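**Q** Spelled out, the chains give:
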Amino acid sequence: MGNFVKYLKNVVTLEIDEDRCTGCRRCIEICPRSVFIMAGGKCQITDIDLCIECGACEANCEFDAISVKQGVGCAAAIIGSMISGGEPECSCCCPDEKTSCC
Amino acid sequence: MKSFPQDHRTPDWIVGTIKSPVGSISIVSAGLTGRDRRGSFRSRVSGFRMRYRVDPGLYAMGNPDENSPVLVSANYKLSFDKLRSSLADTNAYILVLDTNGINVWCAAGKGTFGTEELIVRIKETDLGKLVRHRRIVVPQLGAPGIRAHVVLKETGFRVSYGPVYAGDLPQYLKNSFKATEEMRKVRFTLAERLVLIPMEISQIWKAFLLYTCTVLVLFGLQPNGILFSEAVSGGYHFIFLGLLGIFTGSVLTPVLLPILPFRAFSLKGLVIGAAASLLYYAFVLKETNTGPFLVPVIFLLFPVISSYLALNFTGATPFTNMSGVKKEVKAAVPFYIAALGLSIILFIVYKLQTWGIL
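As you go down the protein sequences, you meet chains H and Y in turn. Under the working numbering, read the first sequence as residues 1 to 102, first letter to last. Under the working numbering, read the second sequence as residues 103 to 460, first letter to last.
In case anyone wonders, no lab produced these hints; they're calculated from the structure. All values derive from a computational prediction rather than experimental measurement. A hint or two may mislead.
Stated by the list, open to error - DEER-style ranges, computed between Cβ atoms:
| no. | chain 1 | residue 1 | chain 2 | residue 2 | range |
| --- | --- | --- | --- | --- | --- |
| 1 | H | ILE83 | Y | PHE401 | 27 to 35 Å |
| 2 | Y | GLU256 | H | ILE37 | 38 to 46 Å |
| 3 | Y | SER278 | H | ILE37 | 56 to 64 Å |
Stated by the list, open to error - Below 25 Å or equal to it, Euclidean Cα-Cα: the simulated DSS-like pairs (lysine-lysine) are:
| no. | chain 1 | residue 1 | chain 2 | residue 2 |
| --- | --- | --- | --- | --- |
| 4 | Y | LYS276 | Y | LYS184 |
| 5 | H | LYS42 | Y | LYS287 |
| 6 | Y | LYS432 | H | LYS6 |
| 7 | H | LYS69 | Y | LYS428 |
| 8 | Y | LYS428 | H | LYS6 |
Just so you know, even glycine gets a beta-carbon here, dropped at the ideal spot from N, CA and C.
Excised from the complex, chain H in its bound form (with noise of 0.2 Å):
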């Protein structure tokens, strides 16, 4: 129980080019919720709802061959970027440290 509680449904913006694949596992290797299994000799999603959109597999796969739009699951952070009308920036850490940290 709490392994693999799953968030919102077909929401996550992870993609991967099956063209540009080869392989290699890194991204089933970093994936810190099991998103990918090897078929056929590429990557595959299993379930898309488990991601988290970390961005790890893409900063990681040299070949560009995975895609996803990097960012926080915070709302505070969400509803601050509506209001700044920036980038949801995660800032809880260091409220009175803006010049230092964030």
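Assemble the complex: chain H is given as a structure, and chain Y must be docked to it using the hints.
**A** What follows is chain Y alone, placed relative to chain H:
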């Protein structure tokens, strides 16, 4: 151990130094002192965590040599303590990146635990002269910030992604840098959720204080001034319901997260908040003459407070995503505003009625 470990002096977790081809390196202990535990506690409950840092750079665990593994970490002291306390009886180097005192996962999301910083640290510390191998172990949750193939190209060091939990590191090192599937999964157990609750509460108690004052003033408000007895007798149910909303949204929602109905946090919080309001009404308010205007407020305002606080917990979990939270926020915020507006109107009507104007 030093008798007066000050911030700018040698910290008490540094227990010695070793000589190496790249200069002397501080040895850190694997044991945590009462001071470390107090620091961890304060980081969990207050803004103290913003200043809880270690100096970036190289450290040694045990008695490492040129073949020992290099483990990368962030300069948030809580993260660093977690790492070193997991490494008793291990000989290793720890390379601490400057993440502005933020933990690995959050800093990776921001990019401060990032490719550039890692490359600079590897070069600055002359890591290639310190060890004979060309492997660095990066925590798996640092992966969003690191482009392993770029690090390899720039420094010659191959990134091995370690386990999610520092506690699995000894096993991972024994397995010759192979993490099992279990080591790669992020858990979010009850204990991991419970430890976050104090921080949720510490972020809202000021708002609750303001809410309490507002409630007392509004209930006490009379056409000719503020009546203290009215403020308390009318207001205390609302103050208690406010506390109940905080409890369901910021405590019960995290605790019961996997078993509450719906996937959307705002709905989880709304359901449990509505249940609490219903129970409070059934067991406490039913016999009182709360009146036709305040009863709907009770069923609007407090489930919404609970829902909002539950929605805010999305940022503390490791399984939400931005696309989903955006969708939730877009649906929930207009609903919150409407519910709040309606509550204010109903409350005004209630006041006018008690004043005999309506």
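**Q** Work down the list of hints and note, for each, if the structure agrees.
**A** Taking the hints in turn, this is what the structure says about them:
no., hint, result
1, ILE83(H) x PHE401(Y): 27 to 35 Å, "holds, 28 Å"
2, GLU256(Y) x ILE37(H): 38 to 46 Å, "violated, 31 Å"
3, SER278(Y) x ILE37(H): 56 to 64 Å, "violated, 24 Å"
4, LYS276(Y) x LYS184(Y), "holds, 19 Å"
5, LYS42(H) x LYS287(Y), "holds, 21 Å"
6, LYS432(Y) x LYS6(H), "holds, 20 Å"
7, LYS69(H) x LYS428(Y), "holds, 12 Å"
8, LYS428(Y) x LYS6(H), "holds, 16 Å"
Taken one by one, the earlier hints fail for this structure at numbers 2, 3, listed in ascending order.
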